[in-house]
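Undergrad: Quick mapping for you: the protein sequence lines, in order, are chains A and B.
Numbers 1 to 233, taken from my numbering, label the letters of the first sequence in order.
Numbers 1 to 281, taken from my numbering, label the letters of the second sequence in order.
What the hints contain is simulated information worked out from the structure, not anything from laboratory work.
Every residue, glycine too, gets a C-beta built ideally from N, C-alpha and C.
Just so you know, not all the hints are guaranteed correct.
As the list claims (entries may be wrong) - So these bits of chain B aren't anywhere near chain A, every CB distance computed over 10 Å:
#1 Thr50
#2 Leu80
#3 Gly86
#4 Thr127
Claimed, not checked - Simulated crosslink set (EDC-like; lysine to aspartate or glutamate; CA at most 20 Å straight-line):
#5 Lys150(A) to Asp74(B)
#6 Lys90(A) to Asp74(B)
#7 Lys90(A) to Glu30(B)
#8 Lys19(A) to Glu30(B)
#9 Lys7(A) to Asp83(B)
#10 Lys133(B) to Glu177(A)
#11 Lys21(A) to Asp73(B)
#12 Lys15(A) to Asp83(B)
#13 Lys15(A) to Glu191(B)
#14 Lys126(B) to Glu177(A)
#15 Lys179(B) to Glu30(B)
#16 Lys195(B) to Glu30(B)
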Amino acid sequence: MSFRIIKAIFIKQLKETFKNKEVLIQIVMFPIIAIVLTNSVSDNMVPPEYFVILFASMYVGMTPIIILSSIISGEKETGSLRMLIMSNVKPIEYILGISIYVMICTVIGLIIMGITGGYLGIQLLYFVGICTLGMLVSIFIGSIIGIVSKNQMAANSLAVPAMMICAFVPMLSMFNESIKKFGSFLFTQQINNVLTKLPLNEFPTQAILIILANLFVFLIIYIRLFRKRNLLA
Amino acid sequence: MEAIRIENICKLFSQKQVLNDICIEIEKGEIFGLLGPSGAGKTTLIHIITGQLAPDSGKSYILGKNSLKLSHDDYTHIGLVLDQEGLYTRLSCYDNLALFASIYQLDKAKIEKVLKQVHLYDDRKKTVSELSKGMRQRLVLARAIMHEPQILFLDEPTSGLDPATTLKIHNLLLELKDKGTAIFLTTHNMEEAAKLCHRVALLHEGKIIECDSPVTICERHNDLNKVIITTKDHQKYILNNNRESAQHIYQLFQSENIQSIHSSEPTLGNVFISLTGKELG
């Protein structure tokens, strides 16, 4: 594996950021909504971190899935991925280059959201850390969808339901007990739980273990699929 | 050692024999043309040779290495112009090449050199989406040759391009050939094949029905064996290419009335039609 090639893929993706509106919107949308709502609603009505917690779990459950599945399947569709693989780029180098790009962009978004929610110092670190863990799970899900999809349309048909489950279950579980039960196994729900308790300086170990279990499960699926399937298939 | 060796390749797609017992050897510094109508199996053969597709039977080798066992490093010896451009349409010409320059560990001077070679240097800052088809095709070619590969695969490289762009690409290919690059070219343009290729193979229904130099193939199928003379007063004489016609031709020469003399050997297209009953294209 070559770091030089991973860096080349990362730089290519970075150069495309401001020209690819779909990706750019996904990266900036949730931090901007969180900033606008936090600053437009009076402190007496909701605490400052309310919208940040709500949108952080959506950001974690939506953005990496959409971006990764769309980039990988889009490159398959246009044939650029084929050209990379036929030019000495290993599939793992390509996936890593794209994943690091998504991770860095979303972590910047998370830092902005954390500051907006009034988190500072160790709380901000904890906020970013726990959300980054969730981002990793979503990156694996997005990569899995990108790997199994032949084109962007096929990827969207998988990414949209996956993203809706991950992003909206934490919100819907506030209104429905069955969804709440299902959501207790889901990493975004647990991120929501951890973030809710963050202002109280509580660190629920069980929630973190469930997030790690999610990470482990999707990592195993990802590795098995990556070994079994040709990225160009 | 041959640049490319193809041994008895067969490939079936849904019970249809796309390639049937294909055998080809291509030397370094040779331009080899695979001629056939659309759907004849030309692209499939490129995919098999470059290891993107496994044949049902037979083997192919690139620089002595089995195509199915090519490592990622082996691809640095190959340049590809495939049926899909595979360009990043949101990036500039320069950035498209810069990505591959990083992959191949080439310096910036190499990017500028290859952009000049394909006459795109002045357009290097344009995004790919702003380029014409001909310019995009030249960019694809630039990407394929920038690392100076030993073997270049070109799948219909001038299809749909204007004559000026086609000429530029032809000149570039001839330069590469002179430097020792083996070029495997698929086309249904007979003139292009006759102009560029040392040898061509005619592919019909998955089988190679002829394989030799364009001149030899045309001579071999010159069934008419006539000499066609046009005079300045627009009279046309079609004479047998033998001793009996010599006196007649001599008289025409003496009258200083000859405008043109042509032999009657067929074009590659005529040969293909006579062998298959179908047209190329």
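Undergrad: With reference to the structure, classify each hint as holding or not holding.
TA: Cross-check of the supplied hints:
1. Not every Cβ of chain A is farther than 10 Å from the Cβ of Thr50(B); the closest lies at roughly 7 Å, contradicting the non-interface assignment.
2. A beta-carbon of chain A is positioned within 10 Å of the beta-carbon of Leu80(B); the least distance is around 6 Å.
3. A beta-carbon of chain A comes within 10 Å of the beta-carbon of Gly86(B); the shortest separation is about 4 Å.
4. Taking the minimum C-beta to C-beta distance to chain A, about 7 Å, the non-interface status of Thr127(B) is violated against the 10 Å cut.
5. Taking the CA atoms of Lys150(A) and Asp74(B), the gap is about 26 Å. The hint is violated against a cut of 20 Å.
6. Distance restraint check for Lys90(A) and Asp74(B): the Cα-Cα separation of roughly 12 Å lies within the 20 Å cut-off, and the hinted pair is therefore satisfied.
7. With a CA separation close to 30 Å, the supplied pair Lys90(A) and Glu30(B) exceeds the 20 Å bound.
8. At most 20 Å may separate the alpha-carbon atoms for a hinted pair to count; Lys19(A) and Glu30(B) exceed this at roughly 42 Å.
9. For the hint linking Lys7(A) to Asp83(B), the alpha-carbon distance of about 28 Å lies beyond 20 Å, and the restraint is violated.
10. This hinted pair does not check out: Lys133(B) and Glu177(A) have alpha carbons roughly 58 Å apart, beyond 20 Å.
11. The suggested pairing of Lys21(A) with Asp73(B) is violated, with an alpha-carbon distance near 35 Å, which exceeds 20 Å.
12. Proposed proximity of Lys15(A) and Asp83(B) is contradicted: the alpha carbons are some 26 Å apart, above 20 Å.
13. For the given pair, Lys15(A) sits about 41 Å from Glu191(B) by alpha-carbon distance, which is inconsistent with the 20 Å threshold.
14. A hinted pair counts as satisfied when its Cα atoms are at most 20 Å apart, and Lys126(B) with Glu177(A) does not qualify at roughly 56 Å.
15. Restraint check for Lys179(B) and Glu30(B): the C-alpha separation of about 10 Å stays at or below 20 Å, so the hint holds.
16. Annotation: proposed proximity of Lys195(B) to Glu30(B) holds, straight-line Cα distance about 13 Å (limit 20 Å).
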